[in-house]
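Engineer: Residue numbers (our numbering), protein chains in the order written: chain B, 1 to 225; chain U, 1 to 375; chain W, 1 to 326.
Keep in mind that a hint or two might mislead.
With a straight-line cut-off of 27 Å between C-alpha atoms, the simulated BS3-like cross-links for lysine-lysine are [said to hold, decoys possible]:
(1) U/Lys99 <-> U/Lys148
(2) U/Lys285 <-> U/Lys343
(3) U/Lys29 <-> W/Lys208
(4) U/Lys92 <-> U/Lys285
(5) U/Lys73 <-> U/Lys233
(6) W/Lys306 <-> W/Lys208
(7) W/Lys208 <-> U/Lys343
(8) U/Lys73 <-> U/Lys57
(9) U/Lys233 <-> U/Lys74
(10) W/Lys306 <-> U/Lys30
(11) W/Lys311 <-> U/Lys29
(12) B/Lys66 <-> B/Lys129
(13) U/Lys312 <-> W/Lys306
(14) W/Lys134 <-> B/Lys161
(15) W/Lys311 <-> U/Lys312
(16) W/Lys134 <-> B/Lys168
(17) U/Lys30 <-> W/Lys208
(18) B/Lys67 <-> B/Lys129
(19) B/Lys203 <-> B/Lys2
(20) W/Lys306 <-> U/Lys29
(21) W/Lys311 <-> U/Lys30
(22) B/Lys6 <-> B/Lys129
(23) U/Lys343 <-> U/Lys371
Please keep in mind that the hints were generated in silico from the structure rather than gathered at the bench.
Since this is a predicted model, take the numbers as computed values, not measurements.
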Amino acid sequence: MKTRLKRYRDITGRMDGLLSANPIITYGLTLPLAVMGTVDTRAALGLSVALFCINPVAMLLAYLMKKVGLGREVYMLIISLVSSLMLVQISDIIGGIHSQIFSLMGIYFPLLAVNTLTFFLITRCDPQKSLLNNLLRSIRSSAGFAVVILPVAAFRELLGKGSVFGYKLLDGFTIPSVLLPFFGFILVGMVCALTRFASRNIKYQLLRRDRRDREAAAEEAAKVC
Amino acid sequence: MPEFSNRFFEKLAGQRLSYRQYDDVRLAKKGIVLEQNKEPALSGAIRLFCSPEMLEKEMEDRRPEDDTITIAKKAGIIEENTGQSLYLLLEKARDAGCKLIVADALDDEPYISSQLAPAMQMSEQLVRGLRLAAEAVGAEGLRIEVYKELGEIKTQIGQELDGIPIQRVGYGYPADNSLVTQHREERAVVFGAGALIHLARAVDRGLQQTTAFVTVAGNGVAESANVEVSLDKTLGELLREFGLLEDTTRIVIGGSMRGFTVTNLDGTRITPLTRGVLALREAFKDYNFTCIGCGRCASVCPVGLAPYYIYKFVQAGRYNMLGNFDIDLCIDCGTCSYICPAKLNISAEISRGKREMLNYMMSRQKKEQGKEEEA
Amino acid sequence: MNLMNSRPPHIRSRESNFSIMGDMVIALLPLYFMAYFFYGNHVAVLGAVSVIVCVLLDVACTFLSRRRVGILDLSPVVTGLLIPLMLPASVELYVIIVADLFAIGVVKQPFGGLGQNIFNPAVAGVAFVALTWKTQVFSYPVPIQSLGAPAARLVASPAASLKMGATPNYGVMDLIFGNYPGPMGATGILILITCLIYLVVRRTINGKTTLAFMGTATVIAFLFPRITTGRLESVLYELTSGVLFFGAIFLINEPTTAPKAEPPRLFYAALSGAVVMLFRYVGAFEEGMFFAMILMNAFSWLMDMKYEERKSRERRARYEDTAETV
Numbered sequence: 001m002k003t004r005l006k007r008y009r010d011i012t013g014r015m016d017g018l019l020s021a022n023p024i025i026t027y028g029l030t031l032p033l034a035v036m037g038t039v040d041t042r043a044a045l046g047l048s049v050a051l052f053c054i055n056p057v058a059m060l061l062a063y064l065m066k067k068v069g070l071g072r073e074v075y076m077l078i079i080s081l082v083s084s085l086m087l088v089q090i091s092d093i094i095g096g097i098h099s100q101i102f103s104l105m106g107i108y109f110p111l112l113a114v115n116t117l118t119f120f121l122i123t124r125c126d127p128q129k130s131l132l133n134n135l136l137r138s139i140r141s142s143a144g145f146a147v148v149i150l151p152v153a154a155f156r157e158l159l160g161k162g163s164v165f166g167y168k169l170l171d172g173f174t175i176p177s178v179l180l181p182f183f184g185f186i187l188v189g190m191v192c193a194l195t196r197f198a199s200r201n202i203k204y205q206l207l208r209r210d211r212r213d214r215e216a217a218a219e220e221a222a223k224v225c
Numbered sequence: 001m002p003e004f005s006n007r008f009f010e011k012l013a014g015q016r017l018s019y020r021q022y023d024d025v026r027l028a029k030k031g032i033v034l035e036q037n038k039e040p041a042l043s044g045a046i047r048l049f050c051s052p053e054m055l056e057k058e059m060e061d062r063r064p065e066d067d068t069i070t071i072a073k074k075a076g077i078i079e080e081n082t083g084q085s086l087y088l089l090l091e092k093a094r095d096a097g098c099k100l101i102v103a104d105a106l107d108d109e110p111y112i113s114s115q116l117a118p119a120m121q122m123s124e125q126l127v128r129g130l131r132l133a134a135e136a137v138g139a140e141g142l143r144i145e146v147y148k149e150l151g152e153i154k155t156q157i158g159q160e161l162d163g164i165p166i167q168r169v170g171y172g173y174p175a176d177n178s179l180v181t182q183h184r185e186e187r188a189v190v191f192g193a194g195a196l197i198h199l200a201r202a203v204d205r206g207l208q209q210t211t212a213f214v215t216v217a218g219n220g221v222a223e224s225a226n227v228e229v230s231l232d233k234t235l236g237e238l239l240r241e242f243g244l245l246e247d248t249t250r251i252v253i254g255g256s257m258r259g260f261t262v263t264n265l266d267g268t269r270i271t272p273l274t275r276g277v278l279a280l281r282e283a284f285k286d287y288n289f290t291c292i293g294c295g296r297c298a299s300v301c302p303v304g305l306a307p308y309y310i311y312k313f314v315q316a317g318r319y320n321m322l323g324n325f326d327i328d329l330c331i332d333c334g335t336c337s338y339i340c341p342a343k344l345n346i347s348a349e350i351s352r353g354k355r356e357m358l359n360y361m362m363s364r365q366k367k368e369q370g371k372e373e374e375a
Numbered sequence: 001m002n003l004m005n006s007r008p009p010h011i012r013s014r015e016s017n018f019s020i021m022g023d024m025v026i027a028l029l030p031l032y033f034m035a036y037f038f039y040g041n042h043v044a045v046l047g048a049v050s051v052i053v054c055v056l057l058d059v060a061c062t063f064l065s066r067r068r069v070g071i072l073d074l075s076p077v078v079t080g081l082l083i084p085l086m087l088p089a090s091v092e093l094y095v096i097i098v099a100d101l102f103a104i105g106v107v108k109q110p111f112g113g114l115g116q117n118i119f120n121p122a123v124a125g126v127a128f129v130a131l132t133w134k135t136q137v138f139s140y141p142v143p144i145q146s147l148g149a150p151a152a153r154l155v156a157s158p159a160a161s162l163k164m165g166a167t168p169n170y171g172v173m174d175l176i177f178g179n180y181p182g183p184m185g186a187t188g189i190l191i192l193i194t195c196l197i198y199l200v201v202r203r204t205i206n207g208k209t210t211l212a213f214m215g216t217a218t219v220i221a222f223l224f225p226r227i228t229t230g231r232l233e234s235v236l237y238e239l240t241s242g243v244l245f246f247g248a249i250f251l252i253n254e255p256t257t258a259p260k261a262e263p264p265r266l267f268y269a270a271l272s273g274a275v276v277m278l279f280r281y282v283g284a285f286e287e288g289m290f291f292a293m294i295l296m297n298a299f300s301w302l303m304d305m306k307y308e309e310r311k312s313r314e315r316r317a318r319y320e321d322t323a324e325t326v
C-alpha cells in the first residue's frame, strides 16, 4: 500500500518534463522564447508546434548518433543543421495557423534551430534506454514548454492588446507595456514562484495526510493488542 | 573562517559579568546620550533597609596585626562590578604594580545611581577607602570617575573630593568600555565605590560587608530612592517596602541596559551585584514590526559593526557567515536594540548568534579532527 | 501581578516604525493640500483610492505569504500617498490603480515584503505607468485655471521645454509657489522645503543625503546647461522642474532601498544625482528620475558590502589581543 506522497511522486515522475522537471520552470531553458515569444498567443502556438516537430526528430538523430558513438560537438552541429532545414519545411504548417504568425514570432522562429531545450534534450538523451523512452521524454518536455507559455501568452495578449488569439475580447482598457520584455521576465518569474509554491504545498498536505493515516493505523494496532 | 582570538571563546564560555571582559575592543565611536532619569533617587538621602541582625555586624576573627588586604578578605567584601572578592583584586593589583586607583562612580545606565549617590553622600568613607586601597596596592595616584552626561540632576558634583580629583568621563553610553584602554595605559585599577566604602568601614570599625547599595526606581514603584539594603533581603521585600504597584509588568535587576528580568521575586535575594532594581510598567506590545533597513543601529554601534546584517544572518541561520561581520567584536552594550524603531531584539539575537557560531565552529573542528584521525 | 521576561536592554527609545512612517505621512499631506488648492477635488479622490488599494493589496499579500498581518506599519500608506504625487492631476483613476498594483504586488511583496524590497515600490510603479501611458503621465493641467475639469487643457511641463532646449517662461515666484504645470506634488518648492525641514528636524531622514543628491544635480546643471540663457537660470529650472526635488526628499531617503551605512549612502545619493541628470539629458523621457532610481537601487547592496569589507579591516586593526591587567 503506497503512501500518498509516494504515489504523487510516481505520477509526477512518470510525467517527467511536464509536471516535474519542467524546462522553463525547473531548468529555466528557452527564456528568450518564453519572454519575447509570448507577446501573442498565436506566436506561442507557432513556437510550440515547431518545437513539437523539432524535438522528436532531434531526439531520434541524437539517439542514433550516440549509439554510433559520435562526440557531442558533432551531433549538436548536425542536429542544428537538421533543425534549420526542418524549420523551412514546418513553416508551411505554421503559416497555416494564421497569416501574420511569422511577423508575430519575429526572430524567435529561426532561433528555434539553436534553442536550449533541444540541446538540453539531446545531451541528456540516454542511448542505454529504449528509443521510445527518449522520444516520449522529448514530447513531454515540449508539452511542458507549451503548457507554460500558452497561458502566459494569453495573459499578456489579453492585457496588452485586449484580444486572445486575435479575437478581440476587451474593449478600450489595455496596458501596452505588458508587451515589453521586462514584464515578460516578471511574469515568467511569478509563474515559476507560484508553481513551486503549489507543488510544495501539495507535498506538504500529502505528507500531513500520510502522517495522520499512520497515526490512526498505529492507534488501531494498539487498541487491538 | 577568520581567526578569532582565544578571548572570544572565553567570553562565550561563561556568563558575562562585567564590561571589563570586553577590554580588548577599542571603541570607534562615542556612545549615544540616553535619558538618564536619575532623579529623585540620586539626590534623595540614602535609605537604610536592614534586618536588625545584619546591621553593623562585626568581623569575628579580626586581629590587630591584619593588613588591609587580609581585613578585606575577612570582611568578605565583594567588588560590585566584577563580582570578585575585593582582596583578590587588591592582591592582583599589588602584584601587577598598578600606579593609579580609580573609584568607579560612573553609573552610565539610566535610572541607576547606586555608585554615585554613596560616593556623594558618604564621601569621607569613600576617600578613606580609596586611600587605604592605594596604600595596600602601592599606588600613588587616586581618582574618582563620574559619568559626564548625567542629565538634569540636583546634586552638585564638584571638581575634587578632599584632594582627590573627580573626573567626568564618557561621551555617551557605553562609557565604561571607552575607558578600558586608557586605564590599561595608565596602569590603573578600578574599584567600585561601594566596595571602597565597605573597605573603609571594615578597617576603621571592623564591620563585615552585610549590605549593598541598590537603586530602586521605575514607574512601577511608588517612590524611588537609593537604598542600603542588607544581603538577606529578597527582592519582594525590598520592592514592597517601596510600594510596588499592581500593574508592574517587568522587574529588572543589574541595570536597565545590561540587566536581566526576574519573575520570582520572593525567591531572589539581593546580592552586591544587584546594583539596581527597576520596576517597569509598560510591556512591549507586540507591534509586529520588521526591519525597515533604516540603518540607525549601525550609526550608533560604538564598535562600528553592522548590526542589521548580523541580525538578518542570525535569523536566517547562516552562522558560518557571521565571521565576516566581526561578530566577535560585539561588546553587548545593547545600543542597537535601544535605538531600533522596529523594537527588534537585535542585541539578544547577536548574543545568540555568537553562541550558535561557537557551536558551529566547534562541531566543524570535531569533524576535521575526525577526518584527520581517519586519514 | 503578571511579571514577564524581556531581553536586555529593557528600555527603548521612543522612536518606532509607526512614528517614522507617520512623520512621512504628515510630511506628504501638505503637498496634497497644495495640489487640492491648485487642481480641485480629483486630487483627493486619487489620493484616497491610491492609499486604499495599496493597503488592501499589502494586507492581502502579507496574509497569503503566511506572515503576520500588521496594519500599524504605515508603509503601504506612504507608498499610496507617494504615487499620485509624481503623476499629473489629470490622470485617470485606472492609471493610479495599475501603478499601485505593480508597486505593491510586483516590486514589494514578492521580494519579501517590508524591509526586503530591492527596488523602491513607488518609483517602480510610476516608471511602469510612465512606460505604458506615456502621454497621460507627461501632460499636465494648468493649475487653478483647470479647477473642476483637470483634463480639459493639458500642456507640457517645464521639463519638456528643457528637453527640447527651450527656456520655460515661468517666473521665480511661480516656480517657488508651484503655480506652473507639473507633477501634482513636485511643483510647490516652498512647501517641499518646509517638508524637508520638518523631516530633518524630526530626524526621520538625514539631510546630508538630500544635500549630496541636490549638490551633484546642481553641479551638473551648472556645468552643462541645456538652455542658452545662462548657467544660473539653467540651475534654477533644472532643479525645480519635474520630480527632482521631490525625489531628493522622499525617494532617495527611502530606508529600505538606500544603503544603510552613511558613507555609502552619501555616495549613492551623489551618484544618483549624476545618473538622474544623465537620464534627463540623453534619455527618451523628459523625466529620468524614475529609471535612474531603479538603476541605483540595484547597486545599494553592493555599496554596502564593499564598505563593510573595508570597515572590517579597520576594525580588526583596532582590535587588541591583550590579557586583562586586573
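Engineer: State for each hint whether it applies.
Structural biologist: Against the structure, the hints:
{"no.": "1", "hint": "U/Lys99 <-> U/Lys148", "verdict": "holds (24 Å)"}
{"no.": "2", "hint": "U/Lys285 <-> U/Lys343", "verdict": "holds (10 Å)"}
{"no.": "3", "hint": "U/Lys29 <-> W/Lys208", "verdict": "holds (19 Å)"}
{"no.": "4", "hint": "U/Lys92 <-> U/Lys285", "verdict": "violated (47 Å)"}
{"no.": "5", "hint": "U/Lys73 <-> U/Lys233", "verdict": "holds (23 Å)"}
{"no.": "6", "hint": "W/Lys306 <-> W/Lys208", "verdict": "holds (21 Å)"}
{"no.": "7", "hint": "W/Lys208 <-> U/Lys343", "verdict": "holds (25 Å)"}
{"no.": "8", "hint": "U/Lys73 <-> U/Lys57", "verdict": "holds (15 Å)"}
{"no.": "9", "hint": "U/Lys233 <-> U/Lys74", "verdict": "holds (22 Å)"}
{"no.": "10", "hint": "W/Lys306 <-> U/Lys30", "verdict": "holds (24 Å)"}
{"no.": "11", "hint": "W/Lys311 <-> U/Lys29", "verdict": "holds (13 Å)"}
{"no.": "12", "hint": "B/Lys66 <-> B/Lys129", "verdict": "holds (12 Å)"}
{"no.": "13", "hint": "U/Lys312 <-> W/Lys306", "verdict": "holds (18 Å)"}
{"no.": "14", "hint": "W/Lys134 <-> B/Lys161", "verdict": "holds (16 Å)"}
{"no.": "15", "hint": "W/Lys311 <-> U/Lys312", "verdict": "holds (19 Å)"}
{"no.": "16", "hint": "W/Lys134 <-> B/Lys168", "verdict": "holds (24 Å)"}
{"no.": "17", "hint": "U/Lys30 <-> W/Lys208", "verdict": "holds (20 Å)"}
{"no.": "18", "hint": "B/Lys67 <-> B/Lys129", "verdict": "holds (11 Å)"}
{"no.": "19", "hint": "B/Lys203 <-> B/Lys2", "verdict": "holds (15 Å)"}
{"no.": "20", "hint": "W/Lys306 <-> U/Lys29", "verdict": "holds (20 Å)"}
{"no.": "21", "hint": "W/Lys311 <-> U/Lys30", "verdict": "holds (17 Å)"}
{"no.": "22", "hint": "B/Lys6 <-> B/Lys129", "verdict": "holds (24 Å)"}
{"no.": "23", "hint": "U/Lys343 <-> U/Lys371", "verdict": "violated (44 Å)"}
Checked against the numbered hints above, the structure violates hints 4, 23; every other hint is satisfied.
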